[in-house]
Amino acid sequence: MARRFKYIGRSPRKIDALAKATGRAKYTDDLSLPGMLHGRLLRSPHAHAEILAVDIARAGKLAGVRAVITGDDLPVRYGIIPVSQDESALAIGRVRYVGEPVAAVAADDEETAQEALGLIDVSYRPLPACLGIEEAAKEPPGPDSRLHKAISYEFGERPSQASALERTDLFFYEGNTHLALEEHAALAVWKGGKLTLRCSSQTPFHLRQIVAKVFAMPQESVRVIVPSLGGGFGGKLDPFSHDICAAELARRTRRPVKFALTREEVFYCHRGRHPSLMRIRSAWAQDGRILDLDFEACLDGGAYGSFGTVCTYYHGALQPTTYRLPHYSFRAARFSTNKPPCGPKRGHGIPQPRCALEVHIDKAAEQLGVNPVDLRLKNLATPDSITVNMLRLGSSGLRECVETVAKASDFRRRHGRLPHGRGLGFALGSYLSGAGVPIYWNEGPHSRIRIEATADGALTLYSGATDIGQGSDTVVVTVAAEVLGIAPERIRLVAADTELTPLDLGSYSSRVTYMAGNAAKQAAENLKAQMYRLAPRRPFEAALRAALKKTKSIEAWGSYTPPKKFGAFKGSGVGVSPAYSFSACVASVSCDCETGLVRVEKIHFAHDIGRALNRACVLGQIEGGIHMGLGEALSEEQVFHPSGLHRKPSLLDYKVPGLFEMPELDIHLVESGDPGGPFGAKEVGQGPLIPVVPAVANAIYDAVGVRIDATPFTPEKVLEALDAKARGGSGRIGPSRFPEVPFPEPIRVRDA
Amino acid sequence: MLRLPKIRLVSPRSLVAAARLLVEAGPEGAALAGGTDLVPKLKRRQLRPRTLVDLSRVEGFSGVERRGGRVVIGAGTPIEELLESPVLARLGALREAAACVATPQIRTSATVGGNLALDTRCSFYDQSGSWREAQGFCLKTDQEAPCRAAVGSERCFAVASGDLAPALIALGAQVRLVGPVGEREAALAEIYQDTGRRSLRLKPGELIAAVELDLDPRLSTYRKLRRRGSFDFAALGVAVSLQMKGGEVSACRIVLGALASSPIIADEAATIMTGGKPTLERVAEAARAAVRRARPVDNADFPAAYRRRMAGIFVARALRDLTGLRGKP
Chain L
1 MARRFKYIGR SPRKIDALAK ATGRAKYTDD LSLPGMLHGR LLRSPHAHAE
51 ILAVDIARAG KLAGVRAVIT GDDLPVRYGI IPVSQDESAL AIGRVRYVGE
101 PVAAVAADDE ETAQEALGLI DVSYRPLPAC LGIEEAAKEP PGPDSRLHKA
151 ISYEFGERPS QASALERTDL FFYEGNTHLA LEEHAALAVW KGGKLTLRCS
201 SQTPFHLRQI VAKVFAMPQE SVRVIVPSLG GGFGGKLDPF SHDICAAELA
251 RRTRRPVKFA LTREEVFYCH RGRHPSLMRI RSAWAQDGRI LDLDFEACLD
301 GGAYGSFGTV CTYYHGALQP TTYRLPHYSF RAARFSTNKP PCGPKRGHGI
351 PQPRCALEVH IDKAAEQLGV NPVDLRLKNL ATPDSITVNM LRLGSSGLRE
401 CVETVAKASD FRRRHGRLPH GRGLGFALGS YLSGAGVPIY WNEGPHSRIR
451 IEATADGALT LYSGATDIGQ GSDTVVVTVA AEVLGIAPER IRLVAADTEL
501 TPLDLGSYSS RVTYMAGNAA KQAAENLKAQ MYRLAPRRPF EAALRAALKK
551 TKSIEAWGSY TPPKKFGAFK GSGVGVSPAY SFSACVASVS CDCETGLVRV
601 EKIHFAHDIG RALNRACVLG QIEGGIHMGL GEALSEEQVF HPSGLHRKPS
651 LLDYKVPGLF EMPELDIHLV ESGDPGGPFG AKEVGQGPLI PVVPAVANAI
701 YDAVGVRIDA TPFTPEKVLE ALDAKARGGS GRIGPSRFPE VPFPEPIRVR
751 DA
Chain H
1001 MLRLPKIRLV SPRSLVAAAR LLVEAGPEGA ALAGGTDLVP KLKRRQLRPR
1051 TLVDLSRVEG FSGVERRGGR VVIGAGTPIE ELLESPVLAR LGALREAAAC
1101 VATPQIRTSA TVGGNLALDT RCSFYDQSGS WREAQGFCLK TDQEAPCRAA
1151 VGSERCFAVA SGDLAPALIA LGAQVRLVGP VGEREAALAE IYQDTGRRSL
1201 RLKPGELIAA VELDLDPRLS TYRKLRRRGS FDFAALGVAV SLQMKGGEVS
1251 ACRIVLGALA SSPIIADEAA TIMTGGKPTL ERVAEAARAA VRRARPVDNA
1301 DFPAAYRRRM AGIFVARALR DLTGLRGKP
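Protein chains in written order, with the numbering used here: chain L, 1 to 752; chain H, 1001 to 1329.
Hints were generated in silico from the structure; no laboratory data involved.
Mixed in with the good hints there might be a few duds.
Computed beta-carbon distance windows for the label pairs [unchecked claim]:
1) H:1228 - L:20: 33 to 43 angstroms
2) L:20 - H:1151: 13 to 23 angstroms
3) L:660 - H:1137: 27 to 37 angstroms
4) L:643 - H:1047: 14 to 24 angstroms
5) H:1099 - L:643: 34 to 44 angstroms
6) H:1228 - L:24: 27 to 37 angstroms
7) H:1187 - L:660: 54 to 64 angstroms
8) L:743 - H:1303: 50 to 60 angstroms
9) H:1245 - L:20: 35 to 45 angstroms
10) H:1047 - L:660: 28 to 38 angstroms
11) L:743 - H:1228: 34 to 44 angstroms
12) L:108 - H:1136: 27 to 37 angstroms
13) L:367 - H:1136: 28 to 38 angstroms
Since we're looking at a predicted model, the values are computed, not measured.
All C-beta atoms, glycine included, are put in the ideal place defined by N, C-alpha and C.
Go ahead and model the full structure; you've got the sequences and the hints to work with.
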């Protein structure tokens, strides 16, 4: 290490750990205000239907009911990104998925509100529902088209060299959801034309903007506060019906109104992983170099836009950050279906294509007769280079990640040579340390931090970043403490309150450590400079006292704006990041050939974190990412009955892995030291999930010789594949067709 | 989360009083023991009773007691206590079944009687009130409605997925039942019937007071199919008990759980194993016979065909393990 740090790189306790562990931390649903009413939402029982009439008269007359509202009361359309302003707080004229909110009630207590829902009479005219990609792709272009977004790109030049191997593969990645422990909640109060909304949001500043739009009021009249938040994973980025209905019902009743969703309702909020059907074609030279990669995807978007457009772009953005591709083309289409909207789940649109690609490469390696690790190393993207799709790659510890897990698992010697029923699988992945281009375009900084020293000697750090459990509060305080040379406990924190804290774009795209961390560092350096200008050459506390005698208070600002993007074509903003994280994973599995049951015995994992600011938090994120990845690989699926009803909207039936499913973990941190990151740090919140799923897929193949090309890799699928293989078939389970999609003419970018 | 609605709670001191209160409350009443299955159902408005008869104050309702060559387990005994009791140490099937009920935290509250009286489960029934309304109600609760799991079916196929019943039936357990006007004893197997709507053959108000069984030197084991190593209800349960004499099987019981609305006693399979030395061929034949008894429908986790096939695998594995046989026939 170039210099010794006092707090950075160690594992001090998270600043909110004690409050959370002892139950003192207050989440939105823990809050109660005098005179508070309780809200409940009436949800659609139909996957697709016209709303003929909504009669609220009976509900309104129930004793204890204070207000009932319907879609017409909140006509303004909104959405989390500017190009998808397609949602309304309550359905207007039509419902598009089972669980879509239709009406809302505020009553003296929850039970009365719940009872009132049963007294709202809605007449529907059911319409045909579309529940999958194949069905959606069949609709011809026109007013009934289900095509939401289609894009097509072609980068670089295909080398003239003849290919030794060409192959095509199909893969289906099933949808799944975030399953944050805290269910969504919102508590709204109006006072003198001003709205205060306390809610479980990962993006208080975006929510403020959207609420201001819906109520046609200036943003400064809306205050969004995020109390303790129990996990987000992307599921709390969008503005939700309950947020806006709480505000509207509070406005009408002039009383505080709280909504606290049930677990089932959270499944309807969704915004989780898009089901994605993908096709990959590649061409390889005899020596194992990739000559050409062609990637296609159809995404099942659910009923509304959400972040879907971004997700569609992300499907093709990051393949070139890990592999040098001379020629790369990619096409993706997102379809609207009658299911809860899909959106950003940990990894956004990247886990699906990465999984398909890493499985595809594993298959190519076998055909080329090259060890899967060596084939990847041969094609690894070069650090500090420009990718074929015009992304500027900065620091990269990917090679070290690959070599670390290969060595730790003895992969080169053991892969392909373990006894039948046991196998090793390898995969790698990459993610952004914050999107370089914000979803709401503005020239300003993406994060700002203010530190104030007041006459009483107090030091207060104001951060707009939202701690969703990942530890961002701890990160900004630790970074400032390190710069100032004082204990983190010395700094008071005010966070995630749009009235008190400076703007931060929110907790998504793994941007907070990099961007808010840099802003905190700059603010602390600024404070230090101001202080020592007034009172030079003293220890910190003495200097602060002396400086405050002269000036009463010191205010220091820090901010972060990412570097400008590199490409200049439409869509070139997606995938741009100031730094990329890299991971490599080896999964060791055993498979019971009589039951098809796959057990992940061990995960070897290496992650290029740049620099670990808080080691325990970093390891926690990696462990959590592996856990979530294993769920997507083995058991989790957001699936529906033909009626459009969710099959398993409960913690019991939605099979998130438990403690017994967690394998032994062997985690290595690669600290490549990113020149632009705070103390060299990069992201860890999302990247580690990504390689886990394909590593497990590849390990199953190594163990029993079957290819399960559709997540999750359940025992019933493995057994079906083993049966097919025993009958002389290929032993592959997965999609066999890719629909005809009217992709647009590609945007050609030749000049890498 | 939606909090519990207001419900009248009565806490009698005796089972007879509890039984009478349940009769008084009629269909609007429900018995509350550990509450681990009932309370989540109340929270999601799947059930809406007005009166809960709380059994936690009933005296002498909990505990494991040895009486000569027999053991008596109070129905109010928390399941976790079965794992701690030295008296039950050699009842393999019971201990293994108890160890895979839900989670350790749930087992400290969930009771033996509650698990034996567990309502049958179905993926179309174990949902919130609003979910069931959207799907359309079903045969489980509405005589006029269709079955959603087996379309066209005249009967309800909800599944008896308790873990303790197959194990205890394989061990030959008896139960003592207390009703409003007296008590009776019955073989545990006899209190179940293969009808999903109401799988317990109990009289109005009747409650399970205790389970009684022999502490004989039988070998036994329990296997459970579930998606995860914890939490999940059985998608299949297999309990097997064997008595060996001079290297031969003198008695055998094979019970399949979670494949029908009551535990299935696979007597044909047991007969194949009984008399003579155990062999891999007989094990395979017994497993095939057991599978023939299984007719699950798609209303639990895992496809029905997979559950049925696993019944054969699990029976064979249980028999091989108990008899010490290795390999495949």
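Evaluation of the provided hints:
1. H:1228 - L:20: 33 to 43 angstroms: With a Cβ separation near 25 angstroms, residue 1228 of chain H and residue 20 of chain L fall outside 33 to 43 angstroms, so the hint is violated.
2. L:20 - H:1151: 13 to 23 angstroms: violated (48 angstroms)
3. L:660 - H:1137: 27 to 37 angstroms: holds (36 angstroms)
4. L:643 - H:1047: 14 to 24 angstroms: Because 23 angstroms falls inside the window, the suggested range holds.
5. H:1099 - L:643: 34 to 44 angstroms: holds (38 angstroms)
6. H:1228 - L:24: 27 to 37 angstroms: Holds, at about 31 angstroms.
7. H:1187 - L:660: 54 to 64 angstroms: violated (34 angstroms)
8. L:743 - H:1303: 50 to 60 angstroms: violated (36 angstroms)
9. H:1245 - L:20: 35 to 45 angstroms: violated (60 angstroms)
10. H:1047 - L:660: 28 to 38 angstroms: holds (30 angstroms)
11. L:743 - H:1228: 34 to 44 angstroms: Given about 41 angstroms between the Cβ atoms, the range holds.
12. L:108 - H:1136: 27 to 37 angstroms: holds (32 angstroms)
13. L:367 - H:1136: 28 to 38 angstroms: This hint is violated: roughly 51 angstroms between Cβ atoms.
Checked against the numbered hints above, the structure breaks hints 1, 2, 7, 8, 9, 13 and satisfies the rest.
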